[in-house]
Amino acid sequence: EPRTRAGHLFRLAEVLRRRRFELAAWEVYETAKPWREADADVAEAIDFCEFYAREALRLQSGEQPLLAIPGEQNELRYIPLGAGLAIPPWNFALAIMVGLTVAPLVTGNTVVLKPSERAPVIAALFFQILLDAGLPPGVVNFLPGVGSQIGDVLVDHPRTRFIGFTGSKAVGLRISERAAVRQPGQLWIKRAILEMGGKDAQIVDETADLDAAADAIVAAAFGYQGQKCSACSRAIVVEQVYEPLLQRVVERARRLNVGNPTQPQTHLGAVIDKQAFDSISAYIALGNQEARLVLGGEVIDHTLLEDGGFFVMPTIFADVAPDSRLAQEEIFGPVLSYIKARDFDEALQIANGTEYGLTGGLFSNDVGRLQRARHELHVGNLYLNRKITGAPVGVQPFGGFNMSGTDSKAGGRDYVALFTQAKVIAERL
Numbered sequence: 043e044p045r046t047r048a049g050h051l052f053r054l055a056e057v058l059r060r061r062r063f064e065l066a067a068w069e070v071y072e073t074a075k076p077w078r079e080a081d082a083d084v085a086e087a088i089d090f091c092e093f094y095a096r097e098a099l100r101l102q103s104g105e106q107p108l109l110a111i112p113g114e115q116n117e118l119r120y121i122p123l124g125a126g127l128a129i130p131p132w133n134f135a136l137a138i139m140v141g142l143t144v145a146p147l148v149t150g151n152t153v154v155l156k157p158s159e160r161a162p163v164i165a166a167l168f169f170q171i172l173l174d175a176g177l178p179p180g181v182v183n184f185l186p187g188v189g190s191q192i193g194d195v196l197v198d199h200p201r202t203r204f205i206g207f208t209g210s211k212a213v214g215l216r217i218s219e220r221a222a223v224r225q226p227g228q229l230w231i232k233r234a235i236l237e238m239g240g241k242d243a244q245i246v247d248e249t250a251d252l253d254a255a256a257d258a259i260v261a262a263a264f265g266y267q268g269q270k271c272s273a274c275s276r277a278i279v280v281e282q283v284y285e286p287l288l289q290r291v292v293e294r295a296r297r298l299n300v301g302n303p304t305q306p307q308t309h310l311g312a313v314i315d316k317q318a319f320d321s322i323s324a325y326i327a328l329g330n331q332e333a334r335l336v337l338g339g340e341v342i343d344h345t346l347l348e349d350g351g352f353f354v355m356p357t358i359f360a361d362v363a364p365d366s367r368l369a370q371e372e373i374f375g376p377v378l379s380y381i382k383a384r385d386f387d388e389a390l391q392i393a394n395g396t397e398y399g400l401t402g403g404l405f406s407n408d409v410g411r412l413q414r415a416r417h418e419l420h421v422g423n424l425y426l427n428r429k430i431t432g433a434p435v436g437v438q439p440f441g442g443f444n445m446s447g448t449d450s451k452a453g454g455r456d457y458v459a460l461f462t463q464a465k466v467i468a469e470r471l
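Going letter by letter, the sequence shown gives residues 43 to 471 in my numbering.
Please note that a few of the clues may not be correct.
[To be verified] Below, a list of computed lysine-lysine pairs in the BS3-like style, where the Cα atoms sit at most 25 Å apart:
{"no.": "1", "residue 1": "Lys-465", "residue 2": "Lys-451"}
{"no.": "2", "residue 1": "Lys-451", "residue 2": "Lys-211"}
{"no.": "3", "residue 1": "Lys-211", "residue 2": "Lys-316"}
If you're looking for bench data, these hints aren't it; they were derived computationally from the structure.
With the sequences and hints as input, model every part of the structure.
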């Protein structure tokens, strides 16, 4: 029954709340997420549990009644899809993993949880909490492993009904392609719910509050080492304020502390692993050829030291060409491309000029331009006069356009319905 399933989520939220600091500590330890952001990740996981529980109850409550006609009784029910997959990322190792798991759970489905091989410990801890909270065995099934070895098998299986995925564009497109192929014995079209990354831009025009814009750019570009699909990867600035804003951004980024994430004063910890370190380092080398380095660029392998890990300093490249690789490809690290635009019209064109469409923003005090951004800046999450990261559950449902995914708004009122199918029952009276 929906109330029984929702009750499991409310109890789960209570357990997560009691163990909030323990869970945050595991995130700091396993993924090098600074304390402030690790704690926020646990809070978001709690919000997902409570919000999706309430939304599942609302979905089944009949708040949207059908039109009545004489002589018939008509009913619309939302029923589960069946068995499916939750494939979360490592960068929000608890929050997104919880959201991808509990949304199908509360709507009556069973889930195979395949955590990222880069962050399996926090997922194992969550799975044990699920069982301790009274969830019946077999409803959620924990299957850690390397995605390249077991991912295709899970996606291809004829009994897989849905796939909830957050991760890279390449893997998301592979899932979409394979899910579209009907396997022997498969009776349904698989539903792929995908969030795949971004190349997110903050536009700043000549009317903007430059100090506020600089604060927002630095926070969104370098929070959690830039390892967010919503991170500010591009700052697109009209030429009248290009240099004054650049000075402010560099000054603020220079003050960020890089080091051991267990220390409360740390802003940036290590990047997730050597593969990420090597990829980011290659983009920095490319940036030294394509643009002007104004801050950072240092990469430090501390794996043999006490504060072990792969560290990348906050890095800013100015005079980046809008069509360069630095401005087009997702880097997933603390690297900001600073781009000049002649005017607001060109800034809009540059912002929309990638294959992604996840988050974006505008700093301006021009009411007309803010209104134009609402209509013309093609992103799933648009932020005006604030930073472009941070999407509280139920407040700013999160998901993007184009190659950023299927615009499945996590934390939104319609999200749980994606894991259901609608059945209409008509009876002649």
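Each hint, compared with the structure:
A hinted pair counts as satisfied when its Cα atoms are at most 25 Å apart, and Lys-465 with Lys-451 qualifies at roughly 23 Å. The hinted pair formed by Lys-451 and Lys-211 meets the criterion: a straight-line CA distance of about 17 Å does not exceed 25 Å. Taking the CA atoms of Lys-211 and Lys-316, the gap is near 20 Å; set against the 25 Å cutoff, the hint holds.
Violated hints are absent here; each numbered hint is respected by the structure.
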